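Starting from the known structure of chain A, fit chain B onto it as the hints suggest.
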Amino acid sequence: MKRVDHVKASRNFIADEKHIEFHDKRLWGLRTSRDAAAHGIPEWEALRTLASGIKEHTLTHLADYLEEFERNAINNGVVVHWAADAEEHNRIVHEILSKRGAKSLVKSKSMLTEECGMREYLEARGILVVETDLGERIQQLDDEKPSHIVVPAVHKLAVDVADVFARKLGTDPNNSDVYYLADAQRQTTRPLILNADAGMTGCNFAIAETGGITVCTNEGNADLSANVPPLHIASIGIEKLIPKLEHLGVFVRMLSRSALGSPITQYTSHFRGPRVGGEMHYVLVDNGRSERLAMDDFWYSLKCIRCGACMNTCPVYRRSGGLSYGGVYSGPIGAIINPTYDLKKYSALPFASTMNGSCTNVCPVRINIHEQIYKWRQIIAERHELPFVKKEAMKAAGKVLANPKLYRAAMKTANGALATLPRAFIYNPFNAWGKQREVPASPKYTFRDWYLKRNKAK
Amino acid sequence: MKVALFVPCFIDSFFPEVGIATLELLERLGCEVDYPLEQTCCGQPMGNSGCEKDAAATEALFVQNFLDYDYIVSPSGSCVHHVRNHLTAAPPSSGRASVRAHTYELVEFLHDVLKVDSFPWASFPHKVGLHNSCGTLRALKTASMSEIVGPNFSKPLSLLNKVRGIEFVTPDRPDECCGFGGTFCVSEEPVSARMGFDKVRDHKRAGAEYIVSADSSCLMHQQGCADRLKLGLKFIHIAQILNGATS
Chain A
158 MKRVDHVKAS RNFIADEKHI EFHDKRLWGL RTSRDAAAHG IPEWEALRTL ASGIKEHTLT
218 HLADYLEEFE RNAINNGVVV HWAADAEEHN RIVHEILSKR GAKSLVKSKS MLTEECGMRE
278 YLEARGILVV ETDLGERIQQ LDDEKPSHIV VPAVHKLAVD VADVFARKLG TDPNNSDVYY
338 LADAQRQTTR PLILNADAGM TGCNFAIAET GGITVCTNEG NADLSANVPP LHIASIGIEK
398 LIPKLEHLGV FVRMLSRSAL GSPITQYTSH FRGPRVGGEM HYVLVDNGRS ERLAMDDFWY
458 SLKCIRCGAC MNTCPVYRRS GGLSYGGVYS GPIGAIINPT YDLKKYSALP FASTMNGSCT
518 NVCPVRINIH EQIYKWRQII AERHELPFVK KEAMKAAGKV LANPKLYRAA MKTANGALAT
578 LPRAFIYNPF NAWGKQREVP ASPKYTFRDW YLKRNKAK
Chain B
6 MKVALFVPCF IDSFFPEVGI ATLELLERLG CEVDYPLEQT CCGQPMGNSG CEKDAAATEA
66 LFVQNFLDYD YIVSPSGSCV HHVRNHLTAA PPSSGRASVR AHTYELVEFL HDVLKVDSFP
126 WASFPHKVGL HNSCGTLRAL KTASMSEIVG PNFSKPLSLL NKVRGIEFVT PDRPDECCGF
186 GGTFCVSEEP VSARMGFDKV RDHKRAGAEY IVSADSSCLM HQQGCADRLK LGLKFIHIAQ
246 ILNGATS
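Residue numbers (this note's numbering), protein chains in the order written: chain A, 158 to 615; chain B, 6 to 252.
Hints in this document: simulated from the structure, not taken from any laboratory. Nothing here was measured: the structure is a model prediction, and the numbers come from that model. Hints are supplied without guarantee of correctness; some may be wrong.
Simulated restraints on C-beta separations [stated by the list, open to error]:
no., chain 1, residue 1, chain 2, residue 2, range
1, A, T206, B, K120, 27 to 33 Å
2, A, G445, B, Q69, 40 to 46 Å
3, A, R183, B, V121, 40 to 46 Å
Note that CB positions come from ideal geometry on N, CA and C, so glycine has one too.
Chain A with its partners taken away, still in its complex shape (with noise of 0.2 Å):
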């Protein structure tokens, strides 16, 4: 697989001064509404600490939890289906369309199908599969991969999404009013969702003691997936469990002030089972998932509830966009997730943070997404992903660092030969910064230089 060029695809992002100027503001704006919301309850860190420590239990009691949902469901009337990765997964929502003949197929948002590149299998097999969140939609008309994971289109500016629309639902491309956008998708959306043989959601949370499962949207798109067609079918990442009922008023609080800062989405909608001469399907997978479970420094990271906080206060990844990052899970929470399926192809996506530690303040859940980014850095060093400049360097800066003879010789050589930090670092006619930057004035001494000749006066 080839590896994601970070730096390249944020330059092209930048050089389009309009684009990257929303795309900053508007997140930046989520950001702020998120504060907002979460210091509107005095025991917000205290949930956080709660919200973590649920999903910790889950995690470390997850086959346990895992048979009490199957269990649960099974007696709901639910079918329960196991895939261990994406291409199980996507055979299994194949056969139970195939054998119901089932030739369309509407869906709200996952990110687990986006993961399996199910629209694409079921495409390639005939089946129309059509995308009903706003965003999503104009994602899918547009085939492009989601920039972020609850709003999906948010590096397109209204004339984008016009043009997209324009294109492929033949609407005025001079027209960019959200309000007629918004109705042109609503009214070509709606035969499809009224004639779908089937439907499909995602699962924000699936509860082991109830054998239910919780959907979050705002556009009520997950509702009309789900029971407008006699078929339902939810695709649930085994990472999704939480024990009781009782705890989804934890995650509940928190999921849409951390994602929106409002304090609850539009839509909080149960499913438990098929309703009369309906059916119900869950496929539980895995995909990866077990794996990282047993990573010491990483499993912490299943405990997202994919909020996308750590997106928006990110400061790289406002100024980058999600298709920057080249996968399926954009930001600080992708370049940690990523790498678990492709440490080759995302070895980039580790280096794209200042590792400022915003995301880890923000995250509902403590996940220690910058201390994760740091321990990706290792691996990735350590397996020899580094690019080779970065790596030549840093063996010659940690030898030369680690010997004052060598580094008092290096610091007084302004444009000298030796690569050491940090004289090379900034004075290097190779280097990248005085692209933008101006390179900082070169003093006469050095401290240490100072501080002998004072004692010497003394």
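For chain B alone, kept in the frame of chain A given last:
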């Protein structure tokens, strides 16, 4: 009180005046300051780049240089963060644990250990934007953070408030990262520079004449950005203001 001064490599090299201000300030406050002559670096550049193995010898040297001090003080938040929270490349030893536990960032040391209540020599009649570096803010927690629900406090502000004539401006995003990020500043140059531009423009809009910080690395990056934009902003380390610099 005996104190060892740790002057990180880039301060030694680019900002000797920050090391000098720190030393003079500590002496003014009655500390007996040692500067171990064989010091180089804490190992952070290699560790942050994923090359902890290449940092092992540098970290071991750091431990050796600072082994016997009760207080190791440094005017750099990110380096102190590396010493306290990482330093994992050097072999585990009681010496390493002790050095970690005894290392303080300058603001912490002035605020928490010396509990300085006045800087009678300090006067800085300028409009100042405070840049809390991520190293001091989120790693060392020297001030409350906008993301975290809890009481408001700021150790650097409480020190600077004791300086005569100083005025503070309020940028829109007071604790967003400025984009320096160590080797990030060259390896992710486009985003780093953009973050820097946004940061200095924010301070400029708020009316700052100076940006002050406890981290020279952030200042170096921001100054590079501000000078390229010809914003006319000036940059100064907190040690210099507290030591009585007037401009």
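Consistency of the hints with the structure:
{"no.": "1", "hint": "T206(A) <-> K120(B): 27 to 33 Å", "result": "holds (31 Å)"}
{"no.": "2", "hint": "G445(A) <-> Q69(B): 40 to 46 Å", "result": "holds (43 Å)"}
{"no.": "3", "hint": "R183(A) <-> V121(B): 40 to 46 Å", "result": "holds (43 Å)"}
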